[in-house]
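Per the numbering used here, the sequence shown runs over residues 1 to 157.
Among these hints, one or two may not hold up.
Computed cross-link-like contacts, SDA-like style, restricted to lysine to any residue with a CA-CA straight-line distance of at most 25 Å [what the hints assert, rightly or not]:
#1 51 to 4
#2 29 to 11
#3 41 to 127
#4 51 to 143
#5 51 to 142
#6 134 to 3
#7 51 to 114
#8 20 to 152
#9 4 to 150
#10 20 to 8
#11 51 to 123
#12 4 to 14
#13 29 to 19
#14 22 to 129
#15 20 to 129
#16 150 to 131
#17 29 to 9
#18 149 to 32
#19 20 to 38
#20 51 to 32
#21 51 to 77
#22 13 to 100
#23 4 to 118
#24 30 to 97
#25 29 to 98
#26 30 to 151
#27 13 to 96
#28 29 to 51
#29 22 to 51
#30 13 to 124
#31 20 to 150
#32 13 to 51
#33 22 to 96
#34 22 to 151
No wet-lab data here; the hints were simulated from the structure.
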Amino acid sequence: DITKAVVLNLNTKDLYLAEKGKGALLNGKKIHVSNLDISEKCFLEFNLSMKNPLESLQKITPLLRNFFRIRILGSSALSICLIAGGSMEAFINLRESNRLVDVAAGILVLKEAGGKIFSLDGNEIDQALSINIKFSFIACNAELESCLKKELTLKKK
Numbered sequence: 001d002i003t004k005a006v007v008l009n010l011n012t013k014d015l016y017l018a019e020k021g022k023g024a025l026l027n028g029k030k031i032h033v034s035n036l037d038i039s040e041k042c043f044l045e046f047n048l049s050m051k052n053p054l055e056s057l058q059k060i061t062p063l064l065r066n067f068f069r070i071r072i073l074g075s076s077a078l079s080i081c082l083i084a085g086g087s088m089e090a091f092i093n094l095r096e097s098n099r100l101v102d103v104a105a106g107i108l109v110l111k112e113a114g115g116k117i118f119s120l121d122g123n124e125i126d127q128a129l130s131i132n133i134k135f136s137f138i139a140c141n142a143e144l145e146s147c148l149k150k151e152l153t154l155k156k157k
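Model the full assembly from the supplied sequences, consistent with the hints where possible.
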C-alpha cells in the first residue's frame, strides 16, 4: 500500500506531495481537483493505444467535442498530478503500457486531492506494485467520473 508520494515536474520544478489520509500539496500549498463538469471548459489529455490507435481514437471521439482543450503531455504521473491541482480535468490513457510503479505516486496525489481513477472496466485501480503488470486507466475530477464511466467503459468491446 502506497502511503507517501512525491512527483516533481522537472520542467517547472513544481513539487507534488501526498500522504495517505493527509491530503495533497503543490509547492507546499494544499491542492484539490477542480469542480468543472462536462458542460464547462474542461481540459483533457489522452494517450492512444499504439496497438490499435484508430480504434482508441474512435472510442473517445464522441467525448472530444465536449472538452475545451486537449493536450498530450507525455508523463502519466505528472498528468495525473495536473488533475489533482485543478489544471486539467481528465486524462484518458488507453496505451495499455502503464505500470503501477510508474504512476503510483501520481495516483496517491490525485486521490488525496479528491480525484478519481479507474480502469477501462470502470473499476478501481487495484494492481500489485509490479513492473510486469500493464494497464490502461481514466483519471478525472469527481464531477466527470460518472460521465466518463458511462461514455467509455460501456463502449468497450
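Taking each numbered hint in turn, which are not upheld by the structure, reported in ascending numerical order? 1, 3, 4, 5, 7, 8, 9, 16, 19, 20, 24, 25, 26, 27, 28, 29, 30, 31, 32, 33 and 34
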